[in-house]
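Number of protein chains: 2
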Amino acid sequence: MAGETGSKEQAETAARGDDFRKLREGEVAVELPPQFDAALYFIGRIRTPWQSREQCPKNPRESEAICMVELDPRWADGLKGLETATHVLLLYWMDRSRRDLVLQVPRHYGERRGTFALRSPARPNPIAVSVARLIRIEGHVLDVIGLDCLDDTPLLDIKPYFASTDSVPDAVVGWHARRGG
Amino acid sequence: MAGETGSKEQAETAARGDDFRKLREGEVAVELPPQFDAALYFIGRIRTPWQSREQCPKNPRESEAICMVELDPRWADGLKGLETATHVLLLYWMDRSRRDLVLQVPRHYGERRGTFALRSPARPNPIAVSVARLIRIEGHVLDVIGLDCLDDTPLLDIKPYFASTDSVPDAVVGWHARRGG
Chain A
0 MAGETGSKEQ
10 AETAARGDDF
20 RKLREGEVAV
30 ELPPQFDAAL
40 YFIGRIRTPW
50 QSREQCPKNP
60 RESEAICMVE
70 LDPRWADGLK
80 GLETATHVLL
90 LYWMDRSRRD
100 LVLQVPRHYG
110 ERRGTFALRS
120 PARPNPIAVS
130 VARLIRIEGH
140 VLDVIGLDCL
150 DDTPLLDIKP
160 YFASTDSVPD
170 AVVGWHARRG
180 G
Chain B
0 MAGETGSKEQ
10 AETAARGDDF
20 RKLREGEVAV
30 ELPPQFDAAL
40 YFIGRIRTPW
50 QSREQCPKNP
60 RESEAICMVE
70 LDPRWADGLK
80 GLETATHVLL
90 LYWMDRSRRD
100 LVLQVPRHYG
110 ERRGTFALRS
120 PARPNPIAVS
130 VARLIRIEGH
140 VLDVIGLDCL
150 DDTPLLDIKP
160 YFASTDSVPD
170 AVVGWHARRG
180 G
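Those protein sequence lines, which keep their order, are chains A and B. Numbering (numbering that gives the first Met the number 0) for the first sequence: 0 to 180. Numbering (numbering that gives the first Met the number 0) for the second sequence: 0 to 180.
Read the hints as simulated data drawn from the structure, not as lab findings. One or more of the hints may lead you astray.
Because identical chains share one entry, a pair is satisfied inside a single copy or across any pair of copies.
[What the hints assert, rightly or not] Dumping the calculated BS3-like pairs for lysine-lysine here, alpha-carbon to alpha-carbon at most 27 Å:
hint, residue 1, residue 2
1, K57, K21
2, K57, K79
3, K79, K21
Given only the sequences and the hints, what does the whole structure look like? Please build it.
As structure tokens, this is what we get:
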């Protein structure tokens with residue numbers, strides 16, 4: 000099951016000389032399924048001040064920068080009523096990572112863990128979920144605070160954040176807590 | 000921009016006689032983009048006690064039923080370390096709804112609001128995000144509490160829930176709060 004796949008995508012990546020898809024020592028990839036099961040529309044773009052991974056804040060609460068969520072005007076009517084929400088869940092697509100890793104060694108932790116124990120962009124479906132504070136909506140553009148993604152990231156969804164179901168203040172991720180937060 | 004599309008998918012739906020895609024009075028659909036932008040793998044299935052929409056709890060905190068998240072064994076190594084988390088974010092695919100609605104009239108609210116002000120399954124990318132309590136992991140199966148989805152729902156992702164970035168206890172959705180919670 001383990002071992003690097005020889006997919007067309009990876010061959011193309013290698014040809015482009017990208018190295019963000021290289022396996023680090025101890026990382027394990029699996030063979031990807033032979034076909035996809037569903038398809039997505041990019042419904043807009045997220046504009047942030049960060050042009051490279053190195054510039055991005057390490058986590059979404061580290062920056063107070065205002066980011067702009069530019070929804071495709073096609074969907075603008077879908078924002079009606081959202082202005083009454085203080086926070087939103089934003090789903091976006093992080094396609095600049097491998098999708099076949101099951102064990103990863105994130106650089107800033109240096110320990111090997113499973114993909115599903117991490118919030119790493121490298122995962123079978125690279126969908127990020129971020130909570131952002133909604134500052135204002137003007138037409139089809141939202142100003143928000145609390146993102147950490149690259150400029151021009153493709154947007155997948157906007158949802159209202161309900162404290163009653165989305166907030167669990169006493170949740171713990173043991174491996175992370177033991178590091179001292 | 001508004002108006003019902005004449006897509007192949009809708010024609011097929013009409014032919015099957017499904018009526019959950021019918022527009023309610025006041026609902027508005029837009030023309031879907033001509034093509035998709037990205038593709039997803041179903042990485043497992045969620046097993047719940049609910050076989051129809053009518054049986055599903057109205058929201059995820061309404062039921063204490065234990066649900067099973069059955070990850071495809073291909074990805075099982077990705078769970079390493081997740082057993083230390085008390086809660087997970089589960090992303091799953093709700094493909095039994097229209098994707099072209101921008102204004103909706105949910106039955107249990109009876110008022111028209113934008114798709115992005117609602118958690119309705121009808122949205123351009125029908126990805127649900129739910130917080131669930133992690134009870135145990137055995138092999139490639141997770142037992143969790145706190146889901147409200149149909150049995151056999153396709154799984155897209157499992158992420159650890161970090162209170163530090165995912166929990167906002169004082170978030171408010173105004174239109175919902177004014178209804179009295």
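Going down the list of hints, with the structure as the test:
1. With identical chains, the CA atoms of K57 and K21 are at most 27 Å apart within one copy only, with a shortest distance of 21 Å there and 44 Å across copies.
2. In this assembly of identical chains, K57 and K79 lie within 27 Å of each other by CA distance solely across copies; the values are 23 Å between and 32 Å within a copy.
3. Proximity of K79 and K21 under a CA criterion of 27 Å is satisfied inter-copy only: 21 Å between copies versus 44 Å inside one chain copy.
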